[in-house]
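Chemist: Sequence:
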Amino acid sequence: MKWLFCLPLLLLLSACDGGLWNNPYPAADEGRPIYYSAFTERPKHLDPAQAYSENEYIFLAQIYQPPLQYHYLKRPYTLVPQAASTMPGVRYLDKDNRPLPDDAPAEKVAFSVYEIRLRPDLKYQPHPAFARDAQGKPEYLALSAKDLRNIHALNDFPHSGTREVSAADYVYQIKRLAHPDIHSPIAGLMTDYIVGLKDYAATLQQAQKTRPAALLNLHDYPLEGAQAVDEHTYRIKVYGKYPQFVYWLAMPFFAPMPVEADRFYAQDGMREKNLTLDWWPAGSGPYYLSENNPNQRMVLTKNPNFSGEFYPAEG
21 MKWLFCLPLL LLLSACDGGL WNNPYPAADE GRPIYYSAFT ERPKHLDPAQ AYSENEYIFL
81 AQIYQPPLQY HYLKRPYTLV PQAASTMPGV RYLDKDNRPL PDDAPAEKVA FSVYEIRLRP
141 DLKYQPHPAF ARDAQGKPEY LALSAKDLRN IHALNDFPHS GTREVSAADY VYQIKRLAHP
201 DIHSPIAGLM TDYIVGLKDY AATLQQAQKT RPAALLNLHD YPLEGAQAVD EHTYRIKVYG
261 KYPQFVYWLA MPFFAPMPVE ADRFYAQDGM REKNLTLDWW PAGSGPYYLS ENNPNQRMVL
321 TKNPNFSGEF YPAEG
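As numbered in our numbering, residues 21 to 335 make up the sequence shown, in order.
Think of the hints as simulated: they come from the structure by calculation, not from any bench.
Yeah, the Cβ is synthetic: ideal placement off N, Cα and C, and Gly gets one too.
Some clues are possibly wrong.
Claimed, not checked - Restraint-style ranges between C-beta atoms, simulated for each label pair:
1. Ala286 x Pro314: 16 to 26 Å
2. Asn43 x Pro158: 36 to 46 Å
3. Gln155 x Ala58: 45 to 55 Å
4. Asn294 x Ile206: 16 to 26 Å
5. Gly289 x Gly328: 34 to 44 Å
6. Ala173 x Gly109: 35 to 45 Å
What the hints assert, rightly or not - Within a straight-line C-alpha distance of at most 16 Å, the following computed EDC-like cross-link-like pairs (lysine to aspartate or glutamate) qualify:
7. Lys257 x Glu135
8. Lys115 x Glu127
9. Lys128 x Asp116
10. Lys257 x Glu292
11. Lys261 x Asp114
12. Lys64 x Glu74
13. Lys143 x Asp176
14. Lys166 x Glu292
15. Lys261 x Asp123
16. Lys128 x Asp141
Sequences and hints are given; from them, build the entire structure.
Modeler: Laid out in structure tokens, this is it:
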């Protein structure tokens, strides 16, 4: 009869195979560098010009690189460079655009000009918008309905590419804030601060009425308040003395946007397949969105082109 008493013990021992009996994750992923988390509300927008909620920023903060960020450890919170190589410089101008001293009183300052210098080692995630054929031409820029027949996600495109992030990409994103189809939540506020943005929005609206079916190439429309100086330097001109403006530079609203992504997603048939910037971002941050099924899971994968960042040694 002793074996009857040993049977429950044997059954328990057979269940002890070294793993957790209630582990909700695939056994094949055990030991891999994977961080699991949960979200209670699906993100509504992943386009950095539109997103403005915490549940969206959880993802966008890993995908996009604004010029600045908050120091990971320091309290009170302190701004430090992210995509920028140094903190932005600012100079003040009077109403005739003549330079003023750094300690000029606010009532004398008509404009503030912020100059942002970028790190030269920034590259975008692998993305089909950057793919090139043997002749160096965009591979996926003239897609037909037949080409898109078996395409349901970015991973379905056989090829991808990348390129260096440029100052023009940051200027392009600032211009997107005024785009009539994007409806950026900060567009109204920024028209009060960024020089010329209000008139720029009116210009884009008129251009869209003239050519409603055409993609607006924002590079064709200059904006006084945002201009690229060279490949890695750009300037933002705002009205008056607005020292709080630098805090905006830590938000995805001011992250870079490659014009290639706009052109790629603007093609006929893309929106019908949910192939949009709002669903599939194109950034230069440490991760990219490789799977987007918010009813089941969203997967962020390490960006092989990320320039790198070290854990802070102070704070």
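Chemist: Range hint 36 to 46 Å: satisfied by the CB atoms of asparagine 43 and proline 158?
Modeler: holds (45 Å)
Chemist: Lysine 115 and glutamate 127 were given as a pair; does the straight-line alpha-carbon distance stay at or below 16 Å?
Modeler: Roughly 11 Å separates the two Cα atoms, so the pair holds.
Chemist: For a C-alpha distance cap of 16 Å, please report whether lysine 261 and aspartate 123 respect it.
Modeler: holds (11 Å)
Chemist: CA of lysine 257 to CA of glutamate 135, is that 16 Å or under?
Modeler: holds (9 Å)
Chemist: At the C-beta level, are alanine 286 and proline 314 separated by a distance inside 16 to 26 Å?
Modeler: Holds, since alanine 286 and proline 314 (Cβ atoms, about 24 Å apart) stay within the stated range.
Chemist: With respect to the beta-carbon atoms only, verify the hint that asparagine 294 and isoleucine 206 lie 16 to 26 Å apart.
Modeler: This hint holds: roughly 25 Å between Cβ atoms.
Chemist: Quickly compare the C-alpha distance for lysine 257 and glutamate 292 to 16 Å and report which way the hint goes.
Modeler: violated (38 Å)
Chemist: Tell me if the straight-line CA distance from lysine 166 to glutamate 292 falls inside 16 Å.
Modeler: Status holds; Cα separation ~14 Å.
Chemist: Would the hint linking lysine 128 and aspartate 141 be met if the CA-CA limit is 16 Å?
Modeler: violated (39 Å)
Chemist: A range of 35 to 45 Å was offered for this pair. Does it hold for the Cβ distance of alanine 173 and glycine 109?
Modeler: holds (42 Å)
Chemist: Would the hint linking lysine 128 and aspartate 116 be met if the CA-CA limit is 16 Å?
Modeler: Since the Cα atoms of lysine 128 and aspartate 116 sit roughly 11 Å apart, the hinted pair holds (cutoff 16 Å).
Chemist: For the pair supplied as a hint, lysine 143 and aspartate 176, confirm whether the alpha-carbon distance does not exceed 16 Å.
Modeler: violated (22 Å)
Hint check: violations occur at hints 10, 13, 16; the rest are consistent with the structure.
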